[in-house]
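Peer 1: What follows is the residue order along each chain.
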Amino acid sequence: MTKRFGWGRLVLLAVALVLAAAWLAPIAWAVATSLKPETETTKLPLEWIGSRVTLDAYSLVLGTGGIVKWAVNSLVTAAVVTAMTVLFSAMAAYGFARTSFRGRRALLTVILAGIMVPPQVLIAPLFAEMVSLGLVDTWWAIILPQVAAPLIVYILYKFFQDVPPELEQAAFVDGAGRWRVFFTIVLPLSRPVLAAVSIFTFITTWNNFLWPFLVSTDPNTMTLPVGLANVVQGTFGLRYAQIMASVVLAGLPLLVVFVLFQRQIIRGVAHTGLAGQ
Amino acid sequence: MTTVAVPASAAAPAEEARPRRGWTQHGLLFVAPFFAIYLAFLVWPLLQGLRMSLSSVNIAGTNDRFVGLANYAEAFGDPRMWRSLGNTVVFTVLSTIPLVLLGLGLALLVHNLRFVQWLWRLSFFGPFLLPSAVVSLLWLQMIYPPEYGLINGALGTDVLWLGDPSTAMWSMVLTTVWWTVGFNFLLYLAALQSIPHHLYEAAELDGASAWHRLRSITLPLLGRTTALVVVLQLLASLKVFDQIYLMTGGGPGDSTRPIIEYAYDAGFTGYRIGYASAVSYILFALIVVVSLAQLRLFRKSEEPS
Numbered sequence: 001m002t003k004r005f006g007w008g009r010l011v012l013l014a015v016a017l018v019l020a021a022a023w024l025a026p027i028a029w030a031v032a033t034s035l036k037p038e039t040e041t042t043k044l045p046l047e048w049i050g051s052r053v054t055l056d057a058y059s060l061v062l063g064t065g066g067i068v069k070w071a072v073n074s075l076v077t078a079a080v081v082t083a084m085t086v087l088f089s090a091m092a093a094y095g096f097a098r099t100s101f102r103g104r105r106a107l108l109t110v111i112l113a114g115i116m117v118p119p120q121v122l123i124a125p126l127f128a129e130m131v132s133l134g135l136v137d138t139w140w141a142i143i144l145p146q147v148a149a150p151l152i153v154y155i156l157y158k159f160f161q162d163v164p165p166e167l168e169q170a171a172f173v174d175g176a177g178r179w180r181v182f183f184t185i186v187l188p189l190s191r192p193v194l195a196a197v198s199i200f201t202f203i204t205t206w207n208n209f210l211w212p213f214l215v216s217t218d219p220n221t222m223t224l225p226v227g228l229a230n231v232v233q234g235t236f237g238l239r240y241a242q243i244m245a246s247v248v249l250a251g252l253p254l255l256v257v258f259v260l261f262q263r264q265i266i267r268g269v270a271h272t273g274l275a276g277q
Numbered sequence: 001m002t003t004v005a006v007p008a009s010a011a012a013p014a015e016e017a018r019p020r021r022g023w024t025q026h027g028l029l030f031v032a033p034f035f036a037i038y039l040a041f042l043v044w045p046l047l048q049g050l051r052m053s054l055s056s057v058n059i060a061g062t063n064d065r066f067v068g069l070a071n072y073a074e075a076f077g078d079p080r081m082w083r084s085l086g087n088t089v090v091f092t093v094l095s096t097i098p099l100v101l102l103g104l105g106l107a108l109l110v111h112n113l114r115f116v117q118w119l120w121r122l123s124f125f126g127p128f129l130l131p132s133a134v135v136s137l138l139w140l141q142m143i144y145p146p147e148y149g150l151i152n153g154a155l156g157t158d159v160l161w162l163g164d165p166s167t168a169m170w171s172m173v174l175t176t177v178w179w180t181v182g183f184n185f186l187l188y189l190a191a192l193q194s195i196p197h198h199l200y201e202a203a204e205l206d207g208a209s210a211w212h213r214l215r216s217i218t219l220p221l222l223g224r225t226t227a228l229v230v231v232l233q234l235l236a237s238l239k240v241f242d243q244i245y246l247m248t249g250g251g252p253g254d255s256t257r258p259i260i261e262y263a264y265d266a267g268f269t270g271y272r273i274g275y276a277s278a279v280s281y282i283l284f285a286l287i288v289v290v291s292l293a294q295l296r297l298f299r300k301s302e303e304p305s
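Just so you know, the sequences run in chain order X and A.
Residue numbers for the first sequence follow UniProt numbering, beginning at 1 and rising by one.
Residue numbers for the second sequence follow UniProt numbering, beginning at 1 and rising by one.
Because the hints were derived from the structure by calculation, they are not lab data.
Where a beta carbon is used, it is the ideal one built from N, C-alpha and C, also for glycine.
Any given hint could be a false lead.
Just a sample of chain X residues kept apart from chain A, beta carbon distances all over 10 Å, derived [what the hints assert, rightly or not]:
hint: 1; residue: W7
hint: 2; residue: P37
hint: 3; residue: I49
hint: 4; residue: G50
hint: 5; residue: L62
hint: 6; residue: G63
hint: 7; residue: G65
hint: 8; residue: V117
hint: 9; residue: E129
hint: 10; residue: L194
hint: 11; residue: S198
hint: 12; residue: D218
hint: 13; residue: P219
hint: 14; residue: V247
In silico DMTMM-like links for lysine to aspartate or glutamate, alpha-carbon gap of 20 Å or less [said to hold, decoys possible]:
hint: 15; chain 1: A; residue 1: K239; chain 2: A; residue 2: D254
hint: 16; chain 1: X; residue 1: K43; chain 2: X; residue 2: D56
hint: 17; chain 1: X; residue 1: K69; chain 2: X; residue 2: E129
hint: 18; chain 1: X; residue 1: K43; chain 2: A; residue 2: E147
hint: 19; chain 1: X; residue 1: K69; chain 2: X; residue 2: E166
hint: 20; chain 1: X; residue 1: K43; chain 2: A; residue 2: D158
Bound conformation, chain A alone (with noise of 0.2 Å):
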């Protein structure tokens, strides 16, 4: 990786030479701050987010009864629910393969490449640095439309890529890969650039081929970059919501909308706050699922190899 390697976490604080003592040297003043703001706007929305997924309360925020499980139990029973928390989880996988592979691709050609780097960086990164907005736009108005867009003006097609529900997913993929996949390069170069030079020359020394001493030492040097690249990248993926939102609204009909627009539709266009916010804390349950293998990772980087 690029930084240090961390050792054992549990240092305690240092007891050897104590600051001034005073009310002023204590330590939750310093955290006081972020607490604060983290408690008013994560913890409390988190808990108030239960509780109105209990309730039937509404945007104005009337009709505030508890209901229990209803909402989670209609969810369940909601084919357009079980539709969209599909389509996330189809984007999830579609998206995350070949923004893996074609991270880890494209980071090994530019490493290997050793000049303009800059030019490299700037074309596979460069999109990760674009609003979403922008990123839509661009893609909506000008690269697909029948016609006269990039796509089908160049191959002289006249595919329907937004409006067809057999293509839209497909070109969200298409869309968020070349967006985002500079993020993944990015990881894995960082990870290229840390296995040190004397491996390979040994290598090199007993005569390993380029392809063996890809096979035999970058990519199992590799492994722990990848499990955290598919992680970050399978939250990121589930997450889903602006690129879609913003070309197709989810269509056509319901075969992009991702779970998040959904609870976004119920909470906001449908004016229900509860039932949104039991969907919303479905996608969650899922997330966390992701998350915790996340720390399980991230434990395992702090214990001293």
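Just chain X, with the same shape it has in the complex (with noise of 0.2 Å):
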């Protein structure tokens, strides 16, 4: 907007960087904490850097094991979730957007009622069922109830209906079926928006903490936040270098994704957040 460079922006700069750096100083706060040694972590006054720099409770941590079986638990119920989501949204989107038939409008309607029910207030009942599916301490008690997402269905299905008809038509007068122009014209199109959704998906399955604590109970199938959440607080006691390890090594993997994949990510949040507004 402005094109000098005058007072003005000198003072939002100001403001800029004291606010970026309050913001960064928890985070910062943590990996400074979990290179100290154990016996200074609690020193008064506050230093950012200890008497020497040691990964000692790094190497604790992941010693430990806990920590890795975790994140491989979140990340591959987190791209199964993200998997099946997109993919049977789609074909839902596709099948209410582009076909005709019986039933098609109640249906829809039934889905998109379902955007207002928050699933936190389905835990009771849920996992109830999963207790009569034996599913409870599996991955599926994770994955299943985070598929069922109206939202997704809601996005895509606005998305198809502003694909030009023409594009399929064409395929259709040489014979393709339905599966064939979904899959090879319609998919293809829709790169953008499935993109957009897939990394909502991801970021909210990997972070999601009520549901997988209450379905996982056993270390072995627990999710990082759950494993962090039961575990390193039970078993570290005070012991924070570790535990600001633990913070650290469990945060950093999304934050590293969104330094190498920002513009993606933000579209991707930004559109979904406003469900495609």
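Each chain sits in its own coordinate frame; assemble them with the hints.
Peer 2: Written as structure tokens, this is what we have:
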């Protein structure tokens, strides 16, 4: 907006720098603490760097093995949820946007109404259901309820309505069936919106806490947030360097991915967050 | 907004060139896999929850008798239910105001700075990508503790941030603002970037000051975004659970316990699934009211402008 470099902009920059420093400080403090010898983590006055910089806390945390296992569990469940959500939601959205069958409107209404249902109010009946299905402490208990995300169907449904029908009709004239049109024409055309909802789904699943926390009691099936909450606090007691090393290890993957794919992640979160508005 | 305007959505499925016929082409086949999972893991528990809220069932599935509205009557007469519902509402009000205003402020700031965008985005949006357990452990163990915690250590104070009922809820709000303001920041940033540049150029030619341009162009054009951000934030705040459960466990006393935690306690530590469902459905009713406002907003955006 302003082309010249004036005092106004300098003030803006100063404000931004102070706020950014305040926002980064807690993360920096976690990193700083994780690099201190355990005996110096609660020393006063506060010091950002201890008498020596050490990776002891990291090797101890990684040595106990839990955190790596939980990260793998998180990665697998988040990847499966994302793949299933995007594939099944895209199929359903295409069915609603481009085919006509008896009951189409009714089914669509039932799904759209589900956008209002917060998963948190379903924990009691859903847990009872998982118990009767014998799925507690399995990945499927973590995965399946997270795939039932009507918002994603809604976003893709709106997107498919805007894809020009002529593109598909040319293929229909050539004798292609709906499935081939869907997989070879519609999906490739939709890559940006599919990327957006995939990124959003992956992030929310990776970070989800309450539901995985309820259905995993076995440290072997726990996801990263659940393992941290359950086990780290209990077993590490007051060993702050190790707790902060766990925090850094658990928080780092998505932050690194964010730095690498900033543009795509921002678009994905903004687009899906606004429900494609 | 970031995306193309959506034309009237009534467009019926194309009728001109028909695909091959046959059962494999039936539209229901496309819908079926999602709908099956949706029925099993959303609709079914939703109906079961309603049924359970009218029963005395416990977590083992026994003692499953129909009790009518007794659970709801008990909940409405239960001071701890009201306390936790009140906590959720207080948290929602206290957190929504700074989360919306600060989100807007940060977006305006960053939008006008035009350089090292990656640094601002990483700083303000980065925390949003951290799992709640990471955020909670970090603030619980290294930021809030008296004496050596970062805040007290830096300020030289000795406040019991989480241990004092008068500061605990504010501490929850502070952590939540730090953690999630990046989401609103991002939505506002996207909205700012979609404002056509020529509007500002015209105003600048007319000699409008920066403050005037903000007041008469930017803020009015952000009106719809603000409505959406507020509704999304209300919905998110009403569902608060993770950080409070992990940092204070609802305490000290009941001073921070949100309604979801109260339902969780009733069901999973008190084993009264029926009562827990009734408490959950009271929150659900509140959320439906806010969601209906949201649906109205969405519908409005689908109408051609």
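Peer 1: Each of the hints needs a verdict: does it hold here or not?
Peer 2: Cross-check of the supplied hints:
no.: 1; hint: W7; verdict: 12 Å, holds
no.: 2; hint: P37; verdict: 15 Å, holds
no.: 3; hint: I49; verdict: 15 Å, holds
no.: 4; hint: G50; verdict: 13 Å, holds
no.: 5; hint: L62; verdict: 17 Å, holds
no.: 6; hint: G63; verdict: 19 Å, holds
no.: 7; hint: G65; verdict: 18 Å, holds
no.: 8; hint: V117; verdict: 6 Å, violated
no.: 9; hint: E129; verdict: 6 Å, violated
no.: 10; hint: L194; verdict: 14 Å, holds
no.: 11; hint: S198; verdict: 15 Å, holds
no.: 12; hint: D218; verdict: 17 Å, holds
no.: 13; hint: P219; verdict: 14 Å, holds
no.: 14; hint: V247; verdict: 5 Å, violated
no.: 15; hint: A:K239 <-> A:D254; verdict: 17 Å, holds
no.: 16; hint: X:K43 <-> X:D56; verdict: 18 Å, holds
no.: 17; hint: X:K69 <-> X:E129; verdict: 27 Å, violated
no.: 18; hint: X:K43 <-> A:E147; verdict: 9 Å, holds
no.: 19; hint: X:K69 <-> X:E166; verdict: 49 Å, violated
no.: 20; hint: X:K43 <-> A:D158; verdict: 15 Å, holds
The structure does not agree with the numbered hints 8, 9, 14, 17 and 19 stated previously, though it agrees with the rest.
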